Amino acid sequence: MEFSYSREQQMVKKMLKEFAEKEIAPIAAEIDEKAIYPYDTIAKLSKLGLMGMPFPPEYGGAGTDYLTYIMAIEEISKVDASHGVIIQTHNALCCWPIFTYGTEEQKRKYLPDLLSGKKLGAFGLTEPNAGTDAAGTQTKAYLDGDEWVLNGSKIFISGGGIAEVYIIFAMTDKSKGTKGISAFIVEKSDVGFSVPKHENKMGIRGSIAAELVFEDCRIPKDRLLGQEGKGFKVAMTSLDVGRLGIAAQALGIAQGAFDETVKYMKQRKQFGKSLDKFQALSFEMASMKVRIDGARYILYDACNRRDRGLPATVPAAEAKLACSEAASYVVDKAVQFHGGYGYIKDYPVERMYRDQKITEIYEGTSEVMKMVMAGEIFK
Amino acid sequence: MRIIVCVKQVPDTTEIKINPETGTLIRDGVPSILNPDDANALEQALQIKDANPDTEVVVITMGPPQAKEMLQECIAMGADDAILLSDRALGGSDTWATSNAVAAGVKKVGDFDLIFAGRQAIDGDTAQVGPQMAEKLGIPQVTYVKDFTLEGDHVIVKRALEDGYEVLKVKLPCVLTAIKELNTPRYMSVPGILKAAKQEVKVWNAADIGVDLTTVGLKASPTNVFKSFTPKPKGAGIAVAGDTAKEKAENLVAALKEKHII
Chain F
1 MEFSYSREQQ
11 MVKKMLKEFA
21 EKEIAPIAAE
31 IDEKAIYPYD
41 TIAKLSKLGL
51 MGMPFPPEYG
61 GAGTDYLTYI
71 MAIEEISKVD
81 ASHGVIIQTH
91 NALCCWPIFT
101 YGTEEQKRKY
111 LPDLLSGKKL
121 GAFGLTEPNA
131 GTDAAGTQTK
141 AYLDGDEWVL
151 NGSKIFISGG
161 GIAEVYIIFA
171 MTDKSKGTKG
181 ISAFIVEKSD
191 VGFSVPKHEN
201 KMGIRGSIAA
211 ELVFEDCRIP
221 KDRLLGQEGK
231 GFKVAMTSLD
241 VGRLGIAAQA
251 LGIAQGAFDE
261 TVKYMKQRKQ
271 FGKSLDKFQA
281 LSFEMASMKV
291 RIDGARYILY
301 DACNRRDRGL
311 PATVPAAEAK
321 LACSEAASYV
331 VDKAVQFHGG
341 YGYIKDYPVE
351 RMYRDQKITE
361 IYEGTSEVMK
371 MVMAGEIFK
Chain G
1 MRIIVCVKQV
11 PDTTEIKINP
21 ETGTLIRDGV
31 PSILNPDDAN
41 ALEQALQIKD
51 ANPDTEVVVI
61 TMGPPQAKEM
71 LQECIAMGAD
81 DAILLSDRAL
91 GGSDTWATSN
101 AVAAGVKKVG
111 DFDLIFAGRQ
121 AIDGDTAQVG
131 PQMAEKLGIP
141 QVTYVKDFTL
151 EGDHVIVKRA
161 LEDGYEVLKV
171 KLPCVLTAIK
181 ELNTPRYMSV
191 PGILKAAKQE
201 VKVWNAADIG
211 VDLTTVGLKA
221 SPTNVFKSFT
231 PKPKGAGIAV
241 AGDTAKEKAE
251 NLVAALKEKH
261 II
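One line per chain: the protein sequences are F and G, in this order. Taking the working numbering, the leading residue of the first sequence gets 1, the next gets one more, and so forth. Taking the working numbering, the leading residue of the second sequence gets 1, the next gets one more, and so forth.
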């Protein structure tokens, strides 16, 4: 096993550290407070190749491996988790399924604009009555001549209303449960498709999540993604990829909160000495670092497996669980060590504390991650 | 069109640590970066390349082998080619000796239309190597360039002065030194990084550039660092108290008299 960064990875990390400090840090509090989608910085990141990093140049991607892409999400999320998830959802949950399951025509049609960041992509699986249990999907699609007709709604969809291209899951045969789910490509301009409501979230408020509604939404027949009835596989494999990105986001939040706390502890004085001189606190920082570093190795190993073409479903679940739990532990202590200052919005740890929670919920809850792992342990 | 950009790898800090014994920089443990003014120089060259894609941008530096990393980052920003002048014979060069080596390197690259450099490096702060190199190449130079337009076989530049600027028209080829007002340097891009990681940085030694060995290196340098020290910080100033200007003046005079200054 190799535990060193390649030259490419070093440069990607260096570039994004600089970008995040100069361009994202100054706006992070404002986009959180006002729940503003950061169009300008996402446009700049698009130009730098972030919206299509792990895809081949022939479709307009940058052509990195998955591990390097994950390091990019981590680096950006150290400063702002909203930017992290915007890039992550687009890459893993929209570009990836089109690249993996799309016909050559679909790839040629959608990928160049998506991978260049000209268009943002989103993924719609979750419904009011179907989250973890996808078999409960109520959005329906039926074929009418040369068109699919979609009816139903989706909730909590990251990028909803901002994105131009959506991967939408709908029942084409309700009697078959998950085997009756099919995946479709829906465009923002499709008649019958609307975005009535943005969610008012606890955290990652710069990443807009919205409700999607389909009312006799008619799309051409060739918008079916993959085979009819194979949508569940499209969803689950996309989420396998996505979980690595969410793990990276969580890891970034953890490292960002940790770094902020180190900085704070060095300058904050109580009882005549700075906080880092209190052993109870500095020892706890050591424990936090152990959790962060351990989670990082689990994540990088899972990415490495994916890059080598090895099965990565269970390692991805483990990585997401490890990173989001580490982040949960670290942000809690980070706020604690900031004292009252950690509870007000003058310091970024307050935002990180709220941003972290979602990493234990979306793209599969921690409980689902444990289900996946337990299934492997007791197979 | 071929543009050469002269760059330098510098420690990433404004608080340079100096070895008091030798008077030279301590580089260990300090991360290195592309000198900020040089990033503006490179950005201007890359903007010309954006507008005229057949432009070739070549970056050149003199330094130790680890300067390769900075050159790779210049390629990741968009430079086509990178050359490192590295040789023990060049070590310890002052600005005069450095400009001899860099001028020789530039001549070996050859066929250039324009040379950009940063105004000065944040480690030595001399602002001498660019101008000296222009003299040795025998071509015109404009320092402190804050605005730039390319028009056929000449350039029109604004040269910053303390209280304004000059507009100068200069025939190519010439040397221009950039200041930070010139532009905002771009970031490395991901595709650029992938290209840079695969591309080889050329390393030329003193023999490769055919420089006269009596004009480079520590011994050939006419300036030597005599002593380096960190100046003591000045004490806090005193604000003269008083409700009116007259009272303040009186208090000031009294204080000066007390110290036997007046």
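Please keep in mind that the hints were generated in silico from the structure rather than gathered at the bench. Be careful, since some hints might not be right.
Stated by the list, open to error - In silico DSSO-like pairs for lysine-lysine, Cα to Cα no more than 30 angstroms straight-line:
#1 F:K176 - F:K119
#2 F:K47 - F:K118
#3 F:K107 - G:K195
#4 F:K333 - F:K14
#5 G:K180 - F:K14
#6 G:K108 - F:K22
#7 G:K195 - F:K13
#8 G:K158 - G:K195
#9 F:K233 - F:K22
#10 G:K49 - F:K47
#11 G:K227 - F:K266
#12 G:K49 - F:K17
#13 F:K44 - G:K248
#14 F:K44 - G:K146
#15 G:K195 - F:K44
#16 G:K169 - F:K109
#17 F:K47 - G:K195
#18 F:K17 - G:K198
#19 G:K158 - F:K17
#20 F:K17 - G:K202
#21 G:K49 - G:K146
#22 F:K14 - G:K234
#23 G:K195 - F:K273
#24 G:K68 - F:K13
#25 G:K202 - G:K68
#26 G:K108 - F:K44
#27 F:K47 - F:K201
#28 F:K34 - F:K188
#29 G:K108 - F:K119
#30 G:K234 - F:K263
#31 G:K180 - F:K47
#32 F:K14 - G:K202
#33 F:K13 - G:K158
#34 F:K273 - G:K107
#35 G:K234 - F:K17
Keep in mind it's a predicted model, so treat the numbers as computed, not measured.
Here is what the structure says about each hint:
At most 30 angstroms may separate the alpha-carbon atoms for a hinted pair to count; K176 of chain F and K119 of chain F exceed this at roughly 34 angstroms. Under the criterion of a C-alpha separation no larger than 30 angstroms, the hint pairing K47 of chain F with K118 of chain F is consistent with the structure, at around 9 angstroms. Distance restraint check for K107 of chain F and K195 of chain G: the Cα-Cα separation of roughly 25 angstroms lies within the 30 angstroms cut-off, and the hinted pair is therefore satisfied. Straight-line distance between C-alpha atoms of K333 of chain F and K14 of chain F comes to about 27 angstroms, which keeps the hinted pair within the 30 angstroms bound.
For a cut-off of 30 angstroms, the pair hint linking K180 of chain G to K14 of chain F stands: about 21 angstroms separates their Cα positions. With a C-alpha separation of about 38 angstroms, the suggested pairing of K108 of chain G with K22 of chain F is violated against the 30 angstroms cut-off. The suggested pairing of K195 of chain G with K13 of chain F holds, with an alpha-carbon distance near 16 angstroms, which does not exceed 30 angstroms. With a CA separation close to 34 angstroms, the supplied pair K158 of chain G and K195 of chain G exceeds the 30 angstroms bound.
Distance restraint check for K233 of chain F and K22 of chain F: the Cα-Cα separation of roughly 40 angstroms exceeds the 30 angstroms cut-off, and the hinted pair is therefore not satisfied. Proximity of K49 of chain G to K47 of chain F is assessed by CA-CA distance (about 17 angstroms); at most 30 angstroms being required, the pair is judged to hold. A C-alpha spacing of about 34 angstroms is found between K227 of chain G and K266 of chain F, which places the hinted pair above 30 angstroms, so the restraint is violated. For the hint pairing K49 of chain G with K17 of chain F, the CA-to-CA distance comes to about 26 angstroms; that is within 30 angstroms, so the pair holds.
Restraint check for K44 of chain F and K248 of chain G: not satisfied, since their Cα atoms lie roughly 55 angstroms apart, outside the 30 angstroms limit. Distance hint between K44 of chain F and K146 of chain G is fulfilled; the C-alpha atoms sit about 24 angstroms from each other, no more than 30 angstroms. A threshold of 30 angstroms between alpha carbons decides the hint, and for K195 of chain G with K44 of chain F the separation of about 20 angstroms falls inside it, so the pair holds. Between K169 of chain G and K109 of chain F, the direct Cα distance comes to roughly 49 angstroms. Violation of the 30 angstroms bound is thereby established for this hinted pair.
A distance of roughly 16 angstroms separates the Cα atoms of K47 of chain F and K195 of chain G; the hinted pair therefore holds under the 30 angstroms criterion. For the given pair, K17 of chain F sits about 22 angstroms from K198 of chain G by alpha-carbon distance, which is consistent with the 30 angstroms threshold. Distance hint between K158 of chain G and K17 of chain F is unfulfilled; the C-alpha atoms sit about 33 angstroms from each other, more than 30 angstroms. At most 30 angstroms may separate the alpha-carbon atoms for a hinted pair to count; K17 of chain F and K202 of chain G meet this at roughly 28 angstroms.
For the hint linking K49 of chain G to K146 of chain G, the alpha-carbon distance of about 19 angstroms falls within 30 angstroms, and the restraint holds. The hinted pair formed by K14 of chain F and K234 of chain G fails the criterion: a straight-line CA distance of about 37 angstroms is larger than 30 angstroms. The hinted pair formed by K195 of chain G and K273 of chain F fails the criterion: a straight-line CA distance of about 49 angstroms is larger than 30 angstroms. A C-alpha spacing of about 18 angstroms is found between K68 of chain G and K13 of chain F, which places the hinted pair at or below 30 angstroms, so the restraint holds.
About 9 angstroms separates the Cα atoms of K202 of chain G and K68 of chain G, which keeps this hinted pair within 30 angstroms; it holds. For the hint pairing K108 of chain G with K44 of chain F, the CA-to-CA distance comes to about 37 angstroms; that exceeds 30 angstroms, so the pair is violated. With a C-alpha separation of about 29 angstroms, the suggested pairing of K47 of chain F with K201 of chain F holds against the 30 angstroms cut-off. As the CA atoms of K34 of chain F and K188 of chain F are separated by approximately 24 angstroms, the hinted pair is consistent with the 30 angstroms bound.
Distance hint between K108 of chain G and K119 of chain F is unfulfilled; the C-alpha atoms sit about 46 angstroms from each other, more than 30 angstroms. Proximity of K234 of chain G to K263 of chain F is assessed by CA-CA distance (about 28 angstroms); at most 30 angstroms being required, the pair is judged to hold. Restraint check: the Cα-Cα separation between K180 of chain G and K47 of chain F comes to about 23 angstroms, which is no more than 30 angstroms; the hinted pair holds. Restraint check for K14 of chain F and K202 of chain G: the C-alpha separation of about 23 angstroms stays at or below 30 angstroms, so the hint holds.
A hinted pair counts as satisfied when its Cα atoms are at most 30 angstroms apart, and K13 of chain F with K158 of chain G does not qualify at roughly 36 angstroms. Taken as a hint, the K273 of chain F and K107 of chain G pair is broken in the structure, with Cα atoms around 59 angstroms apart against an allowance of 30 angstroms. As the CA atoms of K234 of chain G and K17 of chain F are separated by approximately 35 angstroms, the hinted pair breaks the 30 angstroms bound.
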